[in-house]
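Listed below, chain by chain, are the residues.
Number of protein chains: 2
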Amino acid sequence: MISLTETLRQIADGRLTPQTAIDRSLSAISETDPALRAFVRFDPAAKAGTGPLAGVAVGVKDIFDTADFATEMGSAIYAGWRPKADAPIVAELKRLGATAVGKTVTTPFASMDPAETRNPRNPAHTPGGSSSGSAAAVAAGMVPLALGTQTGGSVIRPASFCGVAAIKPSYRLLPTEGVKCFAWSLDTVGLFAAGVADVAQALALITGRPDLTATGATPRVGVITQDFAGPPEAEGARALETAIAALERAGATVRALSAPAEFAAMWHAHPTLQAYEASRSLCWELMSYGQILTPKVKGELEHGRTLSTGHYDSVQATARAARAAAGKLFEQADVVISLSAPGPAPETLATTGDPRFNRLWTDLGTPAVNVPVYLAPGNLPVGVQVIAPYGQDGKALAAARFLERAVGRVVP
Amino acid sequence: MISLTETLRQIADGRLTPQTAIDRSLSAISETDPALRAFVRFDPAAKAGTGPLAGVAVGVKDIFDTADFATEMGSAIYAGWRPKADAPIVAELKRLGATAVGKTVTTPFASMDPAETRNPRNPAHTPGGSSSGSAAAVAAGMVPLALGTQTGGSVIRPASFCGVAAIKPSYRLLPTEGVKCFAWSLDTVGLFAAGVADVAQALALITGRPDLTATGATPRVGVITQDFAGPPEAEGARALETAIAALERAGATVRALSAPAEFAAMWHAHPTLQAYEASRSLCWELMSYGQILTPKVKGELEHGRTLSTGHYDSVQATARAARAAAGKLFEQADVVISLSAPGPAPETLATTGDPRFNRLWTDLGTPAVNVPVYLAPGNLPVGVQVIAPYGQDGKALAAARFLERAVGRVVP
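Residue numbers (this note's numbering), protein chains in the order written: chain P, 1 to 412; chain H, 1 to 412.
Possibly wrong hints are sitting among the right ones.
Repeated chains share a single entry, so a pair holds when one copy, or any two copies, can fit it.
Here are the simulated lysine-lysine pairs, DSS-like style, with alpha carbons at most 30 Å apart [said to hold, decoys possible]: (1) Lys84 to Lys47; (2) Lys47 to Lys298; (3) Lys296 to Lys47; (4) Lys298 to Lys84; (5) Lys328 to Lys296.
Just so you know, the hints here were simulated from the structure itself, not pulled from any lab data.
Chain P on its own, in the form it takes in the complex (with noise of 0.2 Å):
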């Protein structure tokens, strides 16, 4: 993998211009990506930019608005449509220097239907999704930085899988302006890199918070093991007890928490409050392109239109209440660690796996870190989330850095 912060200090050092930088993932995409397919399209004579992120290439989820690409969402209503313009997180990264090489793939609309995205640890496998490309060019070393987007598990499940850093940051710490809407309730820009501390600087400048770059103390760390969405497989508790044991032989003090009932009123909940709102934001494709929308965005958008106002309203409570409690949990924790994903990534493409042990930290709009912790056989990593309170990205990623250190390089 290409490291971000290995990468400005290299071109800081006059080790590497940026415009070499950009060449070289412009080769590795060219060289990688025919198996991969980790990108819609590319832009083989990317420019280096000019300023603290020149020579950071940057692969664009493909329902990120982009002047200079067309963006596809994923979907056959959309084929070779060009934006006018760039979403605005992709025009701060271009005003930081930073270079869009290219879209990666996403499923449709960043929903549940497959891509054809492989996952570079083991090409049999899913890279998971939605944000299926971003994670996967991330992995096979073609771009140091990514974005993507997370609606239910679409950041940090397929940085679980695909063995790489990630942030979901706290809602909308990223504008999503510019982004395909799904749930807009839900909906929050995430970024991929090699390690933590890549993601962690890539923040720190696009949102202007260079503190998000520090280091903390040893973290108080509490478990959540989320029973109300049911067990792990039996690599993933693997995984959870391997980071456990690393956290604690680094001095942490890791203890478990149970989860408050509302936690999994909120779980169960989820699917309503995603339904309700996609069938809303994508009303126009409904209703113009019903036809030849995918099985599973159709399903869901015909469902959310059965859902009634006062339902949706019920939901909405029932999300205040969640955030609510976890205000207190975070009492008993700096941090909280939970399972990014039941597993290693399944073997199919059929299926982008299962976002049973996301969508809570989605609905709680708090920050979570994806770190992979274990590497399950077949070359399979599983990643544990590092979760802070709301607003309080920068202790996310001092405890994701913390628990990268303490479990050591995972992935060969």
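Based on the hints, put chain H in the right spot on chain P.
Here is chain H on its own, set in the frame of chain P:
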């Protein structure tokens, strides 16, 4: 003006067909708009739809994406630009049977540089902005419903200047997706119609909340004069006195409330919040087309880039404190009234008037409904806004209907 509720009643009774109702609007636009310039473009062959809003012609502010019309954001940058999809709220209106007959004039990016629309009550005066065309199109009897947005005072002020009813609903009650963003913490989609019942019926259907059309008990009304924003003009002061006297005659209890200190702090902080976010949301436009941005937009974006993230965070904290203070304020009254503008529309097309009485309520995210209460010399209406707690749009609408009935017909 064309009443939405009356139109639907006539259609239900068989006295009017949906297509005749649409054609009536198309004729009115053809006749009136060459002098008034409320529309950027319209479809002279627009067809009626099917559903509860069949026969309702809608004017759509030209920052809402429309698949069937170019969407130019009031800016040369977007000249001729044609989005792929309808914004969700536009699609929802069509799903309900309404017809988007055309796009209404907006100031550039819904900001403060004036546009070409004239005030239908007196063409030497501004109609207000930024939803200039939507307010004017309803006031001139061209359409029974129009969509606008408010970031500072862009729904309530033009409604006041043009003498129409309008609602700026609770923050995000109506989806902003597919609507060009200026400042994401503030941008609020709103509706213009002839009377408050018309606004209520449209909002009830769009949101699936039939209780928004309910009338309520005689309200306890608080009056907030917003002294921190400067005094009203003489005609504005008279308008507020007129509204208070009418409410008291109708049996409402009315008392002056003092604005909490947090309101003044937020009012002073508003420009920072708006400029910081606008400089991010319009990052692409500033980078790519800075030289053809209009002066006020360009100045605000460049100013926004000078503001530190720490300053922005402190303003967001100020906003949270002001919203909490608003919650307490409403323990003293069911609704609050405040002037919708300092006075009638100024005699100029070089400015859209002063939003100083609007921006606090946008910051608070509370629903605000404009009711025309007074006619100043020169046939110039002045409105009062009726404000309810966040999420209680039905309460604001019911009290606004009470006020509307109490003052009687204001515009000829």
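Status of the hints after comparison with the structure:
In this assembly of identical chains, the alpha carbons of Lys84 and Lys47 lie at most 30 Å apart whether taken from the same copy (20 Å) or from different copies (29 Å). For a Cα distance limit of 30 Å, the shortest separation of Lys47 from Lys298 across copies, 27 Å, qualifies, whereas the shortest one inside one copy, 39 Å, does not. In this assembly of identical chains, Lys296 and Lys47 lie within 30 Å of each other by CA distance neither inside one copy nor across copies; the values are 38 Å within and 33 Å between. Proximity of Lys298 and Lys84 under a CA criterion of 30 Å is satisfied in both settings, with 27 Å inside one chain copy and 19 Å between copies.
Proximity of Lys328 to Lys296 under the C-alpha cut-off of 30 Å is found in neither arrangement, the shortest distances being 36 Å within a copy and 45 Å between copies.
Taken one by one, the earlier hints fail for this structure at numbers 3, 5, listed in ascending order.
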